[in-house]
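Trainee: Chains as they are written, first to last, in our numbering: chain B, 122 to 414; chain D, 152 to 502.
Just so you know, these hints were derived from the structure itself, not from any lab. If a hint is listed, it holds; no wrong ones were tucked in.
Think about it this way: if two alpha-carbon atoms lie no more than 25 Å apart in a straight line, the pair counts; the simulated SDA-like pairs of lysine to any residue are:
| hint | chain 1 | residue 1 | chain 2 | residue 2 |
| --- | --- | --- | --- | --- |
| 1 | D | LYS163 | B | GLN223 |
| 2 | D | LYS304 | B | PRO303 |
| 3 | D | LYS163 | B | GLU304 |
| 4 | D | LYS225 | B | THR322 |
| 5 | D | LYS163 | B | ARG217 |
| 6 | D | LYS304 | D | ARG260 |
| 7 | D | LYS163 | B | THR222 |
| 8 | D | LYS328 | D | THR350 |
Now the stretches of chain B that chain D is said to cover, found in silico as 3 or more residues with beta-carbon under 8 Å:
| hint | stretch |
| --- | --- |
| 9 | 299 to 309 |
| 10 | 324 to 334 |
Glycine is no exception: its CB is placed at the ideal position from the N, C-alpha and C atoms.
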Amino acid sequence: MSTRARPQSLRPHLLLAYPALMLGILFLVPFGIMLTISFFHRIEGGFYEPAFDFANYERFVQAYFLRALLFSLFIAALAAAICVATGFPFTFLLSRFRRRTQVLWLVFLMSVLSLSEVIIGFGWSVLLSRTAGLSHLMVALGLMSEPQSWTPGFAAVLCGLCYIAFPYTVLVLYPPLSRLDPELTEAARTLGASPLRTFFTVVVPARRGAILAALILAFVFTLGSYLLPQILGRPQEWTLSVLITDQAIYNSNLPFAAALAVFLMIVSLALIALTLRLGRSGTAERPEPGGAR
Amino acid sequence: MAGLVLSGIEKKFGAVVAVSSVDLVLPNGKFVCFLGPSGCGKTTLLRIIAGLEMPTSGSVVLDGEDITGLPAHKRNFGMVFQSFALFPHLSVADNIAYGLRIRGTDRKRQRQRVAELLELVRLPDVGERRIDQLSGGQRQRVAIARALALDPKLFLLDEPLSALDAKLREAMQIELKLLQQRLGITTILVTHDQREAMTMADLAVVMGANRVQQVGPPLEIYRRPANRFVADFIGTSNLLTARVAGPGQVAVGDRSLAASAMPAGLDRGRDVTLSVRPEDVHVLPADAKAENLLPGKVVFLRDVGANVETYLDCAGVTVISVATPKERPDLHQGDRVAVQLPAAACVVLAE
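Chain B on its own, in the form it takes in the complex:
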């Protein structure tokens, strides 16, 4: 039996071999290299030598880097929350429009993805500047008395991060929302729920999974951004990703940069795992209240 079944079951494995190989070469090997380097010893004024010490990780436990880590997590979470809070209602409404309108909007959002982060960063820094920015428009409209500069600053960084993460949020939310049976919302309407109530009691809970997925994607995506905080932020708004770049390129301290990167990855993976766990137990508990017994 098993000898006969073997050659047949080998084929799908062979098909998987190519993606597995590519994943190995392009992802696992570089990660292994990074992990190894993070334990290496740096030579002042030179490169690094093989070693196995935790000095790089020890150095990390300083107020300066921990503050940067907390700030990075905070601003990425905030940007993710803003993206989903605006992107979810937007995508829901979009999925209720005519097909043509939907396609036009999606193409427009995708075109944002074709811009490089540098261009987006400088674009926003012009728009938020005192000399040529949006504040002139506000003055012209009589909403402000004199033009003002909003960059560099926290709001400018947040604005830029939301701008780059928003299209991805919409792209993640669009398929599940466009597949949502319109009869579900109609059923809620016939049961006495206003459109707003229907949105919060049916659309949002029925698409918890998609919301969670979009939150995680936007969070991870903004956490990795290292250009926007430099262009739009002051040094106190520099995220850990900026500091990693700084260590790797300007201080040529690759071992320490690698250690920072590994640490950032572990922390964000832990946070994602926690979020998924909370999301799952949330859905499991939902049928409890109001249940007939």
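Here the structure of chain B is known, so what remains is to put chain D in place on it, guided by the hints.
Mentor: Here is chain D on its own, set in the frame of chain B:
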């Protein structure tokens, strides 16, 4: 006037007309079926009544109150959807209690009502289950229970049985009808299945080509179809081209036949259609002496056990006769016979 009154309802989607010039009076407490082929506008009409669609023109009046512009969530009509539309994130009990929770009914009353409704649809033990743990028939019952939770003024069902397999569908038809009789609630069900309408409806509304074609008790519609469309859509019908030969008389070829149902005011010589149900067509020996005979020839016999279908050629027109094996005369393919179309079964259609 107690009941639902639709007057001059028209609905257009862009340039496409979905329903036009619908005038209907549906008395309270009746089981009404909107019956028609797909795309005839029956679902659109139901959605207009539910408030999910606004009519382009016309009015919807319930018990003397104009509700044309009232949004769906302020109407309190229970509706069962084709896909059942049960909320996937809620348990069975929470689905049924949804409307009560929106209204802010207290928890204890909610639980009580959910138990009552589950009892009503004969599913007492599934309250805690998730929707994806239910079978199709169970989902159907939960959808019905949810729609009835708020004691709605109207109970609307949009092809609710089409997702079920044939056997379950037949059983649910009877169950739904009994439920409606017990509750006495005005019910409107949309279907394309005439058997379903015959089983359940007190009043059938036959729709075709975006209009109402005929309204009446289903048996009356079956016996006296108002036009060619209804005669053709409801059951099978022999449709013969004829001419008006006088009051209560039509001519088919060179034979004159008496017809009991004939619209008044038709001019002599006018072309009409004669409709006769196959079970009313009798096949007699060629030399028989009786009223309303047409000469014919047996073209084909289909004996399916429970009944026998005889295909007859009457001067180039195919006429089908259905009889039980007991009353079946001894016939063979090619026999010359006399085909009797009894006057009581002949319905003259004006167009």
